[in-house]
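**Student:** Spelled out from the first residue to the last, the chains are:
Protein chains: 2
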Amino acid sequence: MRVEIWSDINCPFCYLGKARFEAALARFPHRDAVEVVHRSFELDPSLGEDDHGQVVPIIARKYGISEAQAAANERGIGAQAAEMGLPYVTEGRDYGSSFGMHRLLHFARGKGREEQLLDLLYRANFGEEAPLFGDTERVVALAVEAGLDASDARAVLADPERFGDAVRAEEREAAELGATGVPFFVLDRKYGVSGAQPPEAFTQALTQAWGDRPAPLTALGDPDAAESEAVCGPDGCAVPGAVKDAGA
Amino acid sequence: MRVEIWSDINCPFCYLGKARFEAALARFPHRDAVEVVHRSFELDPSLGEDDHGQVVPIIARKYGISEAQAAANERGIGAQAAEMGLPYVTEGRDYGSSFGMHRLLHFARGKGREEQLLDLLYRANFGEEAPLFGDTERVVALAVEAGLDASDARAVLADPERFGDAVRAEEREAAELGATGVPFFVLDRKYGVSGAQPPEAFTQALTQAWGDRPAPLTALGDPDAAESEAVCGPDGCAVPGAVKDAGA
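First to last, the protein sequences are chains W and G.
Note that UniProt numbering has the first sequence beginning at 1, numbered continuously upward.
Note that UniProt numbering has the second sequence beginning at 1, numbered continuously upward.
Don't take each hint at face value.
Since the list can't tell identical chains apart, any single copy or any two copies may satisfy a pair.
[Stated by the list, open to error] Straight line, CA to CA, 25 Å or less: simulated DMTMM-like cross-link-like pairs of lysine to aspartate or glutamate:
(1) 62 - 165
(2) 190 - 4
(3) 190 - 176
(4) 62 - 222
(5) 111 - 22
(6) 190 - 22
(7) 62 - 129
(8) 111 - 222
(9) 62 - 235
(10) 190 - 170
(11) 62 - 4
Think of the hints as simulated: they come from the structure by calculation, not from any bench.
What you are looking at is a predicted structure, and each value in this text was computed from that prediction instead of being measured.
Construct the entire structure; sequences and hints are all you get.
**Tutor:** This is how it looks when you write it as structure tokens:
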């Protein structure tokens, strides 16, 4: 069974939702048969590399609420994070373009280090005072902590072409699947769960999707194709009418 | 609807099967709703960069058949290619490691040029006399013909780390889906078609998979999550209990 999770480093409910999903997964009896795949989503793809800063004034300006309200929202999210045992700096977090981090996550995926890097990026952005956006060397240090090579990470971050199309392709896929916000959980491309719902909701979704998981592929066409039709395998090409292994 | 095609540049039936599938797709009434994705498969992943040469003696030695038999097989495949109007040099084709070409195809995928490059690689390997394997500059020239930048292509071919994990991940996926040879066609991860079957078999498979295509995602959890639960979207984060847009 495969669970895909669309999320953004800028999204506090993605940070919480990941922990809530993982709490449900840890108790799920078939957890070892569940493959979790992370997918890219930017809350604001129009942000440039240099558009970053403290979240409270940015959010207040962007959505037309007072800074007091934006700060109250942050404290509300912080209280929810505390319930999950997650650190949350309610006055310090940054907001900015996550495009480079998503590209780096794709690079990390190829090295089997995406999960580690994602957790470290969340922790750094939501749980630590130091700003994350705009500080390439801090991101590089997290990449190293996740097991990547510093110069590799620097090279990926410096070149927007690296994994840029991969990030955008996943963002398009989210839209095609009907996601308008994140976190967005997709189970076997059949069920969708939107938001940082309580662990019980994820338990229910995992249970339902497991009961309804895809069957093995159904073979169509000539069922004896591998013998009688035109297939190449590690033992050569099965040519119809030819004696493949004569003389072996 | 999505059709994934696992194939190898070394596999003549992949070359034929692609043309047969495309003939069926061109006549399929819902062809514009079919997304075709190419996947990597190596008939012989153990080959090194320098293990290449004329196919007839290599195949004869590898599978313990006489060179006359191997040559007869090639002529049999050539006759099938001719029926599809595909050029096939029955005595000249090369056999070698396709790992670098698969990596380059992944790079081309990100540039929207994979299909073009795959067709050119097939055409060069099966339809032209000049050897393809071991001639990096010939592969680079095909990449340029496909619309890629020569220095980009050279850089990808020179570094086995570039897209190496992506190639191997798709090869693992083929094994997980039960493929033992190629071409291997997977329709919506539900139906599998093995081999270069006749166009009618692909027409039948497309029709069946279309009739049975996946429904949109079923929402699980709190259906009003976007309003009442914790989601971040382009308009900010919906915080339960908070008045998000007061003051707007």
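**Student:** Each hint needs a verdict: does it hold in this structure or not?
**Tutor:** Evaluation of the provided hints:
In this homomeric assembly, residue 62 and residue 165 never come within 25 Å of each other (Cα to Cα): the closest approach is 27 Å inside a single copy and 40 Å across copies. For a Cα distance limit of 25 Å, the shortest separation of residue 190 from residue 4 qualifies both inside one copy, at 11 Å, and across copies, at 18 Å. For a Cα distance limit of 25 Å, the shortest separation of residue 190 from residue 176 qualifies both inside one copy, at 13 Å, and across copies, at 20 Å. Taking the shortest Cα distances, residue 62 and residue 222 never come within 25 Å of each other, neither inside one copy (59 Å) nor across copies (28 Å).
For the homomeric pair residue 111 and residue 22, the shortest alpha-carbon distance inside one copy (22 Å) is at most 25 Å, but the shortest distance between copies (35 Å) is not. Taking the closest pair of Cα atoms, residue 190 and residue 22 come within 25 Å of each other only inside a single copy of the chain (20 Å); across copies the shortest separation is 28 Å, beyond that limit. For the identical chains of this complex, residue 62 and residue 129 are intra-copy neighbours only, at 22 Å inside a copy versus 62 Å across copies, given an alpha-carbon limit of 25 Å. For the homomeric pair residue 111 and residue 222, neither the shortest alpha-carbon distance inside one copy (39 Å) nor that between copies (36 Å) is at most 25 Å.
In the homo-oligomer, the alpha carbons of residue 62 and residue 235 lie at most 25 Å apart only across protomers (9 Å), although the nearest pairing inside one protomer, at 62 Å, exceeds that limit. For the identical chains of this complex, residue 190 and residue 170 are neighbours both inside a copy (17 Å) and across copies (22 Å), given an alpha-carbon limit of 25 Å. Taking identical chains as interchangeable, the C-alpha atoms of residue 62 and residue 4 are never at most 25 Å apart, the minima being 29 Å within one chain and 42 Å between chains.
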